[in-house]
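In order, the protein sequence lines correspond to chains A and B. 79 is the number that numbering that gives the first Met the number 0 gives to position 80 of the first sequence; each next residue is one higher, with no gaps. 71 is the number that numbering that gives the first Met the number 0 gives to position 72 of the second sequence; each next residue is one higher, with no gaps.
Hints were generated in silico from the structure; no laboratory data involved. Yeah, the Cβ is synthetic: ideal placement off N, Cα and C, and Gly gets one too. Treat the hints with care, since some could be wrong.
As the list claims (entries may be wrong) - In silico SDA-like links for lysine to any residue, alpha-carbon gap of 20 angstroms or less:
1. 262/B <-> 91/B
2. 237/B <-> 87/A
3. 272/B <-> 127/B
4. 91/B <-> 124/A
5. 91/B <-> 167/B
6. 237/B <-> 172/A
7. 262/B <-> 81/B
8. 237/B <-> 176/A
9. 91/B <-> 127/B
10. 85/B <-> 47/B
11. 237/B <-> 46/A
Stated by the list, open to error - Rough simulated footprint, nothing fancy, chain B against chain A, three-plus residues with beta-carbon under 8 angstroms:
12. 49-59
13. 69-77
14. 90-104
15. 155-163
16. 234-243
Next come the chains, spelled out residue by residue.
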Amino acid sequence: MTDNHPTNGRLAEELRQLLASIEATGRALLPASNLELLQTVVDAAARIFGAAAASICLVDETDQVLEFKVAIGAGKDEVLGMRIPIDRGIAGYVANTGQPIAISNVQQDPRFNQEFARSTGYVPRSILATPLIIGDRVIGVMEVLDKISAPSFGMQDMELLGVFAQQAAIAIDQSQQMDNLGRAMLRGIDRLLGNDGSDQPTRIRSEIEAGTAEEQTRRREMMDLAGLFFEIGQAGEDERRACLQILAAFRDYLRSRPSLG
Amino acid sequence: MSTTNESEPPEEILRPAWSSQFSPDILQEVEAVGPLAEITRDWAWGGSTGKGVRVAVIDSGIEHDHPAVAGGVRGGTIVEYDRRTKTQLRFKADDKPVDIFGHGTACAGIIHLIAPEAELYSVRVIGRDLTGKAMQFAGGLRWAIEQGMDVVNMSLSTSREEYYGLFHELADEAYFHNVMLVAAVNNIPAPSYPSLYSSVISVAANEGRDPFTYYYNPSPPVEFGAPGIDVEVAWLNKSYSTSTGNSFAAPHITGIVTLIRAKHPEFTPFQIKTVLTACAANSRHPVDR
């Protein structure tokens, strides 16, 4: 893509700003911060529900498994990264049906007991599991285990976790979309600078982090722009295409200006 | 998002849910008037065991040899998604059903407890593949209608808008074939098909232990409340657990509907609904029942 005005400093700078503004919104540019977000969600869930442990697993549709992404409390280290078939266990049921369920005395469920206990060494007495839903798609399951103040989770807990999970799912969705957007922007900058080196995104990011104070006002504007990007990204296919065409036309106009040549 | 949640007290994000409609301070009393006032529970289902009534449980399967359903399971089908077939579904006869999660056995056990002589059929529609689950569910419902089931318990639902029409069509088809559909409302604030259709009996959970005590909600879409909180239910491998969810309320109503169907086989679905309403615990009768 070196023919696309690789030395176009101003446009590159604008893209850098845009990227910085996306990062400034606190959304995940890197997979690591995506996990941090999920971790915050389970930490809060465990606290709000007075649970000994909590976790989020996400659906891997390709392999038809649930993968535990984050956890807190008992069994945490063992459960992280664990992948369970989607036709097993309480989480599997919730992922399959989109129905939340609260269950206690689960030691009496031998299949659950054996599999979970073997892997984690931790057998909960009570479980509340609710789906994480985006639109009408189950993307994962949030579980809280062992309510400290009571032998089981009640209906109110279930309804509250449902609302909580809804918020969490939106956060995950936004995070993933921002992640995708951020990656797309990095690729765009990379191409713009005419560099195909794999370490380029890292270098660009470090340049962004070194931004000066004078750029703050401009960043705010760019943040608004990032917000628009996100909103349009959420819209339908036709709207996104229309927006792409408008932006491409504006880019062509910028390129054609003598001052930028 | 998580930051917002942390800074807000839980009370502020708590929304009224289906089950709250059956809390004692909200629940309204309804009056049985005219001939409805004459309807008693004894007349409706007294002495009935559900004998001869065929009940389909659309769920995760039924563990046929679980003591909680002993002798009640007569067969069933497994509905699998298969994109190579014309209907994208494949049906496998399931003479001795098993359960993959325990949930279907829990529901079947509740029905069997209330209507011990009913014939239970397992319609397993959930499993390994998430891709076609709403289609499997719809296929299972169609199977139950075509097989001439008298009552169908659906402790599951879909919120997918594109299936609104299909499930509506199936609900109508069930009604015209005199098949009574009973569906749990989802516990989350989302559309819940097919529970939202008028010919379907929709059920949410409320407090209470007595399997024959249920309530009518005069502010639908959710019409009936039955025990579904900390219910002792059958689970996998002949075990039991304590479970909470609208899932476990629906089979209570299914069981009672089964008793009514056995005693009054001539009733249509809306007549059953009327009898059910008249016999609800919050239905006031001018005459002593």
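A quick look at each hint next to the structure:
1. Simply put, residue 262/B and residue 91/B have alpha-carbon atoms about 32 angstroms apart, too far for the 20 angstroms limit, and the pair is violated.
2. Our distance criterion of 20 angstroms between C-alpha atoms is met by residue 237/B and residue 87/A, whose separation comes to about 17 angstroms.
3. Distance restraint check for residue 272/B and residue 127/B: the Cα-Cα separation of roughly 36 angstroms exceeds the 20 angstroms cut-off, and the hinted pair is therefore not satisfied.
4. Pair hint residue 91/B plus residue 124/A does not hold up; C-alpha atoms about 36 angstroms apart against a cutoff of 20 angstroms.
5. Proposed proximity of residue 91/B and residue 167/B is contradicted: the alpha carbons are some 25 angstroms apart, above 20 angstroms.
6. With a CA separation close to 40 angstroms, the supplied pair residue 237/B and residue 172/A exceeds the 20 angstroms bound.
7. The suggested pairing of residue 262/B with residue 81/B is violated, with an alpha-carbon distance near 40 angstroms, which exceeds 20 angstroms.
8. Note on residue 237/B and residue 176/A: the hinted pairing is violated, with a Cα-Cα distance of about 45 angstroms set against a maximum of 20 angstroms.
9. Annotation: proposed proximity of residue 91/B to residue 127/B holds, straight-line Cα distance about 15 angstroms (limit 20 angstroms).
10. At most 20 angstroms may separate the alpha-carbon atoms for a hinted pair to count; residue 85/B and residue 47/B exceed this at roughly 43 angstroms.
11. Proposed proximity of residue 237/B and residue 46/A is contradicted: the alpha carbons are some 35 angstroms apart, above 20 angstroms.
12. Here's how the segment 49-59 of chain A fares: 1 of its residues keep a CB closer than 8 angstroms to some CB of chain B, so the rule of at least three is not met and the hint is violated.
13. By the rule of at least three residues with a Cβ nearer than 8 angstroms to a Cβ of chain B, the coverage given for the segment 69-77 of chain A is violated, with 0 such residues.
14. For the segment 90-104 of chain A, the assignment as covered by chain B holds, since 13 residues bring a beta-carbon within under 8 angstroms of that chain's beta-carbons and 3 suffice.
15. For the segment 155-163 of chain A, the stated coverage by chain B is satisfied: 7 residues place a CB nearer than 8 angstroms to a CB of that chain, which reaches the threshold of 3.
16. With a cut-off of 8 angstroms between beta carbons, the segment 234-243 of chain A has 0 residues touching chain B; three or more are needed, and the interface restraint is violated.
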